[in-house]
Every structure is written in structure tokens, then in C-alpha cells.
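Novice: The chain contents come next:
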Amino acid sequence: MPYSDSTSQQIQRPVSNTFIVLSVLAALLLNGLPWEGIWLMLRPDFVAVVLLYWCTYKPQRVGIGLSWAVGIFADVADASLFGQHALAYTLLAFGGVILHRRLQMFDLRQQTTQVFGIFVLTYAVYALVHWQVDGYMVWAFFLGCLTSTLLWAPLSITLQAMRQMRMDRDRI
Amino acid sequence: MIDNTQSFQFFNRGPSPAVRLVFFAVLSLLLLFVDARYRYLESTRNALSVLVSPIQRLATLPGMLWQQAGDFLTMQRSLVEDNQALHQQHERDAAQLSQLQALQQENQQLRNLLALAQRSEFTAQLAEIVYAERDVFKRRVLINKGANDNVRIGQVVMDDIGIVGQITRVYPWLSAVTLITEKDHAVPVQVLRNGLRTIVFGAGDTSQLSLRYMPVSSDIQIGDMLVTSGIDGVYPPGIPVARVERIERDPAYPFARITCLPVAGVDSHRHLLILSGLPELPEPPMEQAVAAKPDKGKSKRKVPETH
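First to last, the protein sequences are chains A and B.
Each residue of the first sequence is one higher than the last, beginning at 0 in numbering that gives the first Met the number 0.
Each residue of the second sequence is one higher than the last, beginning at 0 in numbering that gives the first Met the number 0.
Where hints are given, some of them may not hold.
[Claimed, not checked] Restraint ranges, calculated between C-beta atoms of paired labels, are given here: (1) Val-119/A / Ser-275/B: 18 to 28 Å; (2) Val-20/A / Ser-15/B: 23 to 33 Å; (3) Trp-138/A / Gln-103/B: 43 to 53 Å; (4) Glu-247/B / Ala-123/A: 16 to 26 Å; (5) Arg-110/B / Ala-123/A: 17 to 27 Å; (6) Ser-42/B / Pro-153/A: 47 to 57 Å; (7) Leu-149/A / Gln-103/B: 16 to 26 Å; (8) Val-119/A / Arg-56/B: 29 to 39 Å; (9) Thr-157/A / Gly-237/B: 38 to 48 Å; (10) Thr-157/A / Arg-76/B: 44 to 54 Å; (11) Thr-146/A / Gln-100/B: 26 to 36 Å; (12) Asp-70/B / Phe-115/A: 58 to 68 Å; (13) Arg-76/B / Asp-106/A: 27 to 37 Å.
[Claimed, not checked] So the derived list for chain B, only partly shown, Cβ under 7 Å to chain A, looks like this: (14) Ala-35; (15) Tyr-39; (16) Glu-41; (17) Arg-44; (18) Asn-45; (19) Pro-53; (20) Arg-56; (21) Ala-94; (22) Gln-98; (23) Ala-101; (24) Val-129; (25) Asp-134; (26) Pro-171; (27) Trp-172.
Everything labelled a hint here was simulated from the structure, so no lab data went into it.
The beta carbon of each residue, even a glycine, is placed where N, CA and C say it ideally should be.
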């Protein structure tokens, strides 16, 4: 397998459900920090990045249904319309599940270009719903998909390392 | 490598991703439609918000700790100075208040003589901002008083200077305040100088307000104070809202472009007042009653679009 690098060796290690749930909760928490003004525009959507990570690496465990459920919680947390985040995250998960084999083959740089498209789609759907309901658009909102894309690489490395750590601890 | 054998379908994995996508997308769209159109889902939202609120509370912790650390490290000298300034302010205010009381008495007497309806007093409830809404599209804050403190949708929120916004969603322990700078949020106002009635709208993307449907020839000047007119039955009369900042009179357009700045610290304060006990206006005549009933804030938005 010429494409596989060192990271793809770790992919097959098991992940506990608790770890997945904790990572999603942590992402919801990070989204919920008191961001304001320009920082709010630049805030990456942590939940989207974490969900996409799990959809890519564990598509059998975290799929479209779970992403939809997390989206509903995000809707409640943000007081947005019911289904707005859910719809966006459904598409995101679909992208992740469909492309998961390709993404697993790629290295981080190639992955980043691929996930950018998925994030743009996710953000566009969210903005489209808002535009339909309220009738105006805030273009700076799309800065978020750039920062989310930039977050992909560090977050993948971190989660990968944490999974590794848990594995080692479990073995002891 | 079991993960990679999906294409063979040896095992039953349930519906394919495309089917799931369509199912959940349609479900989301249905929810969106129901929520945007009918608002049937408020109780579900309340129930789920109980589950989410621990995370939200946890998320506000760092900010609160930061603030508390700041409070703890405040210099004694600055406290003394603050205290002195507040004392002076209080003395000035007390003098003004006694004057105001005399004026109030006089006003009441005059109104009695003229047989006009009395202006009713309103009571206020102090609330603290828990956090600002983390949605780029909205200008909202969440405050720490909810349905348990008898907060209701539509109540007006102000700070010590002027109108800040209106309560648009109530949870058991929280409520959401839509700021007057929210896009298309309308407040009926009067120019303090000459009593000219108009409506001020939020701009949405900046902390500004605008007067949209003022004829080019209308008598309005830079620096004019806009106060609530009170004829809408939502906002109590006479509370400052905004000050006119810039006027562009272009004869090519029927309306002047007028930009205003809110007088209240819409983006800055932590403590807000929720006004309650507003007077009940007499019922409008029957044919208009139906149109005026659902969500006063919303029906007001529709008014200018008919121009």
C-alpha cells in the first residue's frame, strides 16, 4: 500500500464510545465559549470538525443519524431554528461517510483541501436556510469555514494522539 | 480491514448513506418549516435546553473567572475614586429627582384638568447578561431571568440610559433579548425636538440604526434625540432610543438616508432592566384586531413594507 503512512496504521485501533461522546461534548463546549464580534466570525465550528473526523475514521459508529442528533442539540444551544444545524451536519456527515475511504488514504495536506469543500457546503447550507428565513446574508460568516478547515489538521493529530494514549493506557 | 468491505454488503448495514441523507435532510427541513412558521416546538426546545444548559453554564465559567479575577485585583484607590464619583452623581441625581417629582405632580394635575389618561408607571426587574448569542447572523443576548421570574415574550429591556431590546424567547431560567440593532428590528419613535413620529430600524451588521421612510424634506437634524413614542403599546413612552448621527439628503431618492446611534450601551453593559406592568391599550376595532394580535414585534415589521 504505497499511500498508507504511519497514521493509517493507527486508524484500525478501537475507540471507546465514551471517548467519542466526550469529544463531541467538548466541541459543543468550545462552540459555547463567549465568542464575540470578529472572534465570533473567525470561530471554527468545532462540532463540525469533530463530527467530520469521526465520520471519516469511524463511519460505522458515527454517521448521518448521530450527526443529525448532535445538530439538534447545537440548534438548542445556539437558539437557532430547529433543524438548521441538523441539516448542515447531515450534509457534512454524508460528505464524510461518502469520502471516508479517500480521506483515509490521503495525508493531512490532501485531506485539508478535501474537507474544505465539505465545510463550504455545510456553511452554505446553514447560511442558505438563514437567508430564506430572514432574508439577508452576512458574508463574513463564511470566514468560519476557512478557520474550520485550518483546524482540521491540528484536531486530527490531537484526536489521533489521544486515541493512541488511551490505547496504551488500556493495555497497561 | 473490515471497515473497508462496505461495497460487498455481506452484512446488513441498514439503509445506504444516500437514503439516510434524504431522510434526515427532509426531517430537518420539516422541522425548520414547523419551527419557522408555527412555533409548535417551544416545549421540546425547553426540554432539550435542560440537557444542554450544563454545557452552556460550563462554557461561561472561564469568562466569569476572568472577571472575578479582575474584580479581585481592583486597586483600592480606584474603588475610592469610583465611590466618590458615584456619590457626586447620586447627589446630582437626587436633586434632579426631587425636581422631577414636582414636575410629575404638576403633570398629573394638568392631565386631570384636561381629562387625559394618566401615564402609568412601570416597574422594572434587574437582570444580568449571561452570554451573547454565538450566531453571526443575530444580535441577541441571553439574560438570567426566565419564565420562573414571570418574564414574558415582548417585554422591553433597557439599561440606565435607554432602550436595549425586546424579549423574544423565554426559557425556564433564561430569556433571549433581541437587541434593537438586530436587522429589521423596529422601534416606533418620536423626535424629541418636534414630536415627529417615525420608526427606527436596526442595521444588523453594525451597531447602528436607521430611519428609513423619512421624506427628504422632513424636519430632522443631526443630533436630534429619538425617544419611544409609546403609541404601539409595546414600548413605554419617552425612553431615549437613539441620536441622529448622519443625514444624506439626495433629491434623486424620495427618502433621506438617516443613520442613528443607539444611546444605550447596547453592546457594552452587563446589567439590564426588564420593564413590566405596561398599560393595556384599548382594543383596536374589530377588523384590525386579527391583524394586530400575533406577535406585536413581527406585525410591526410588516408595516413599512407596504410603503
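Novice: Does each hint hold? Answer for all of them.
Specialist: Verification of the hints:
Take Val-119/A and Ser-275/B: their Cβ atoms lie about 46 Å apart, and the range 18 to 28 Å is violated. A hinted range of 23 to 33 Å for the beta carbons of Val-20/A and Ser-15/B is consistent with their spacing of about 26 Å. Restraint check, Trp-138/A to Gln-103/B: a C-beta distance of roughly 50 Å satisfies the suggested window 43 to 53 Å. The beta-carbon spacing between Glu-247/B and Ala-123/A, approximately 34 Å, falls outside the hinted interval of 16 to 26 Å.
For Arg-110/B paired with Ala-123/A, a C-beta distance near 58 Å fails the hint of 17 to 27 Å. A hinted range of 47 to 57 Å for the beta carbons of Ser-42/B and Pro-153/A is inconsistent with their spacing of about 40 Å. Checked against the hint of 16 to 26 Å, the C-beta distance between Leu-149/A and Gln-103/B comes to roughly 60 Å, which is inconsistent with it. The given range of 29 to 39 Å is respected by Val-119/A and Arg-56/B, whose C-beta atoms sit roughly 33 Å from each other.
At about 56 Å, the beta-carbon gap between Thr-157/A and Gly-237/B misses the expected band of 38 to 48 Å. Hint check: Thr-157/A to Arg-76/B, Cβ distance near 45 Å, so the stated range 44 to 54 Å holds. Restraint check, Thr-146/A to Gln-100/B: a C-beta distance of roughly 56 Å breaks the suggested window 26 to 36 Å. Between Asp-70/B and Phe-115/A, the C-beta spacing of about 43 Å breaks the proposed range 58 to 68 Å.
For the pair Arg-76/B and Asp-106/A, the supplied restraint of 27 to 37 Å is violated, since their beta-carbon distance comes to about 58 Å. Look at Ala-35/B: its Cβ gets to within about 5 Å of chain A, closer than 7 Å, so that hint holds up. The restraint placing Tyr-39/B at the interface with chain A is violated, with a minimum CB-CB distance near 10 Å, outside the 7 Å limit. With a cut of 7 Å, the hint placing Glu-41/B at the interface with chain A is violated, because the nearest CB-to-CB distance is about 10 Å.
Hint status for Arg-44/B relative to chain A: holds, with the closest Cβ pair at about 6 Å, below 7 Å. Proximity of Asn-45/B to chain A is violated relative to the hint, the smallest CB-CB distance being about 9 Å (cut-off 7 Å). Of the supplied interface hints, the one on Pro-53/B is violated, with its beta-carbon coming no nearer than about 10 Å to a beta-carbon of chain A, more than 7 Å. Of the supplied interface hints, the one on Arg-56/B is violated, with its beta-carbon coming no nearer than about 9 Å to a beta-carbon of chain A, more than 7 Å.
For Ala-94/B, the interface hint is violated, the least distance from its beta-carbon to any beta-carbon of chain A being 38 Å, above 7 Å. Annotation: Gln-98/B was flagged as interfacial toward chain A, and the flag is violated, the nearest CB pair being 40 Å apart, outside 7 Å. A least Cβ separation of about 44 Å between Ala-101/B and chain A goes past the 7 Å threshold, and the interface hint is therefore violated. Violation of the interface hint for Val-129/B is found here, the shortest Cβ-Cβ separation to chain A being roughly 9 Å, above the 7 Å cut-off.
Interface restraint check for Asp-134/B: the shortest CB-CB distance to chain A comes to about 5 Å, inside 7 Å, so the restraint holds. Look at Pro-171/B: its Cβ only gets to about 13 Å from chain A, farther than 7 Å, so that hint breaks. About 14 Å separates the beta-carbon of Trp-172/B from the nearest beta-carbon of chain A, more than 7 Å, and the hint is not met.
Taken one by one, the earlier hints fail for this structure at numbers 1, 4, 5, 6, 7, 9, 11, 12, 13, 15, 16, 18, 19, 20, 21, 22, 23, 24, 26, 27, listed in ascending order.
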